[in-house]
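K.L.:
Each chain is listed here by its residues.
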Amino acid sequence: MEAKSRLAEVVVKNVYITKTNCVTPLGFDVASNWQALLKGQSGIQRFEKLGMLESFYASVVDSDKIDTAFASISDKNHFTKLEKMLILALMPLIGQYNITNKTAFVFSTTKGNIGLLEDENNAVEGAHLAVLAKKISSFFGFSTEPIVVSNACVSGVLAIAVAKRMIQTGVYDNAFVVAGDAVSEFVLSGFNSFQAMSEAPCKPYDEERNGVTLGEAAAAVYLTSRETEVRPGAVKVIGDGAINDANHISGPSRTGEGLFRSIESAFAEAGVAKEKLDYISAHGTATLYNDEMEAVAFNRLGINTVSVNSLKAFYGHTLGASGLLETVIAIESARNNQLIASKGFAKMGVSQPISIITKNEEKEINFFLKTASGFGGCNTAVLFEKVV
Amino acid sequence: MVNGVKQFELEQASFSEFAKAAYKNFNMDYPKFFKMDNLSKLAFLASEIILGSKVKEGEENNIALVFANQSSSLDTDVKYQGSIADKENYFPSPAVFVYTLPNICIGEISIRHKLQSENAFFVFEDFNAEFMTNYADLLLATNKAEKVLCGWVEYYQENYKAILYMVEKQGDLEHNKEIVNTLYNK
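Chains A and B are the protein sequences, given in the same order.
Numbers 1 to 388, taken from the numbering used here, label the letters of the first sequence in order.
Numbers 389 to 574, taken from the numbering used here, label the letters of the second sequence in order.
FYI, nobody ran anything at the bench for these hints, they're computed from the structure.
Just so you know, not all the hints are guaranteed correct.
Some chain A residues close to chain B (C-beta under 10 Å, calculated; not the full set) [what the hints assert, rightly or not]:
hint: 1; residue: 133
hint: 2; residue: 151
hint: 3; residue: 153
hint: 4; residue: 162
hint: 5; residue: 169
hint: 6; residue: 171
hint: 7; residue: 193
hint: 8; residue: 230
hint: 9; residue: 233
hint: 10; residue: 246
hint: 11; residue: 250
hint: 12; residue: 351
hint: 13; residue: 355
hint: 14; residue: 376
From the three backbone atoms N, C-alpha and C, an ideal C-beta is built for every residue, glycine too.
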């Protein structure tokens, strides 16, 4: 089929993130999360007995606290914990901006309400991702069809790229992006079957790292092309790429080819020199192969001297939420010109040199990069510029 | 069907019989096929027929993969859940778990043809021609891809449908949501 050139003007449209929020074990808004991160607090705790697991570490949101917070905004109670987290994450953003028929609703998740399958009395349809998306979008009165991004562990970052790209087509003026995943026996047993679970809280890039710690969270951002909504402290989405390794479905490329190309694509679109980069919020799952692959890709790109951290030892790997949650925190780092130490890291455990942030420090941050990689060989990189 | 012409048919067969017969019929030779889950097999078979003539071996092929469906990986999710439902008979397998993500089928196609290119998997209640059209157009207009293979690959418990089409900067048929919808409804 032949694509017409009606989208030739897309490249000139600027898209910004002007408002963010997150719901995690460290707090139900950005301010409380930020304060906890500055103090080095982690949401990861030890749990006993689930399924066949004797004990495990995970970053889990307290259900009672979710119920209490949710009761203050709605008297309806037919929502799952994940749905409540998603609604709580979006709520403060919705009040500030109008939803029109040119407002996109983008939802990122890997497993959605997968926990519903545990009870055979539940209809399987309840686990449909589009049904979950509709439930959240209807709650807030969106009129456009929800766009569900389900692309493994890159979903949350990819959702930002998708929202920005769809705004650039001119179909939408603005977009609300929300992401969430819950800890379930389904994902715990699955990662455990891969022998990919760490016996202790995860240690990204450390020499003793031996796998992931899972987590749950919800995050939300508002993207807009309306310049009148942009204030200092907003960030402009200046480039993105989401390129496959074409190597293996359950392991990253040894050369980091897909991540390398994704980052190259983001910089090429932005027209920004790599020397300008101030900070990288990386994926850093703490598996042997992922962290090593990232170090290789960053070295190939010559961005290995740029300050980098992983937030996984604070929040665990929150799957489809992780990319968006970590972007929300990276934006906070840029706003505050403050780098957060990469928790769990003590001694360099990757073969190529990278500049892990070992203590909290002030630094002017104007350009920053968020990356993620996942099963299926997927990778995504999004490049941001702070509005000053 | 390819470009409206029927290529292969097998009536009253299960998907697994159909998939095996189609694989043989088109003389495919890719042993990894037999390790895939049903969604990946479906996506693989459909893409193989189109990409066979479009991918140039040994060259860079910047063909983006933009796929979507309704049921995500729910068919394999249910299968995996069955393996952990009974504590007396608990056998979670990494070979099954890895397929509990819908984008794995894109990964399989990328590996098959060494497509180190843009890829994304979406979920919609119904085929969303407007979204697919706009997203593919944008990838081409921004030069993030030279061609885009778009696909609706739906599989849930023996109910399945795969519609794939290639979008390029030059072609015989105009790329718009009406024509894409016609393809889907054929």
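K.L.:
Can the hint on residue 133 (chain A) be confirmed by a CB-to-CB distance to chain B that is less than 10 Å?
P.N.:
Result: holds, 8 Å to nearest chain B Cβ.
K.L.:
Does residue 162 (chain A) meet its interface restraint, that is, does its C-beta lie within less than 10 Å of any C-beta in chain B?
P.N.:
holds, 7 Å
K.L.:
Holds or violated: residue 193 (chain A) as interface residue toward chain B, Cβ cutoff 10 Å?
P.N.:
holds, 4 Å
K.L.:
Could you check if residue 169 (chain A) really has its C-beta closer than 10 Å to a C-beta on chain B?
P.N.:
Since chain B brings a Cβ to about 5 Å from residue 169 (chain A), closer than 10 Å, the hint holds.
K.L.:
Does the CB of residue 376 (chain A) sit less than 10 Å away from some CB of chain B?
P.N.:
Hint holds; residue 376 (chain A) Cβ to chain B Cβ min 3 Å, cut 10 Å.
K.L.:
With chain B as the partner, please determine if residue 171 (chain A) meets the hint condition of a C-beta pair closer than 10 Å.
P.N.:
Since the shortest Cβ distance to chain B is 6 Å, the answer is holds.
K.L.:
Is the shortest C-beta separation between residue 250 (chain A) and chain B less than 10 Å?
P.N.:
With a minimum Cβ separation of about 5 Å from chain B (threshold 10 Å), the hint on residue 250 (chain A) holds.
K.L.:
Hint validation: residue 351 (chain A) versus chain B, beta carbon distance must be below 10 Å. Holds or violated?
P.N.:
violated, 23 Å
K.L.:
Holds or violated: is there a CB of chain B closer than 10 Å to the CB of residue 230 (chain A)?
P.N.:
With a minimum Cβ separation of about 22 Å from chain B (threshold 10 Å), the hint on residue 230 (chain A) is violated.
K.L.:
Restraint: residue 355 (chain A) near chain B, CB-CB cut 10 Å. Satisfied or not?
P.N.:
Since the shortest Cβ distance to chain B is 27 Å, the answer is violated.
K.L.:
Min Cβ distance, residue 153 (chain A) to chain B: is it shorter than 10 Å?
P.N.:
holds, 9 Å
K.L.:
Once the shortest beta carbon distance from residue 151 (chain A) to chain B is found, is it less than 10 Å?
P.N.:
Since the shortest Cβ distance to chain B is 5 Å, the answer is holds.
Taken one by one, the earlier hints fail for this structure at numbers 8, 9, 12 and 13, listed in ascending order.
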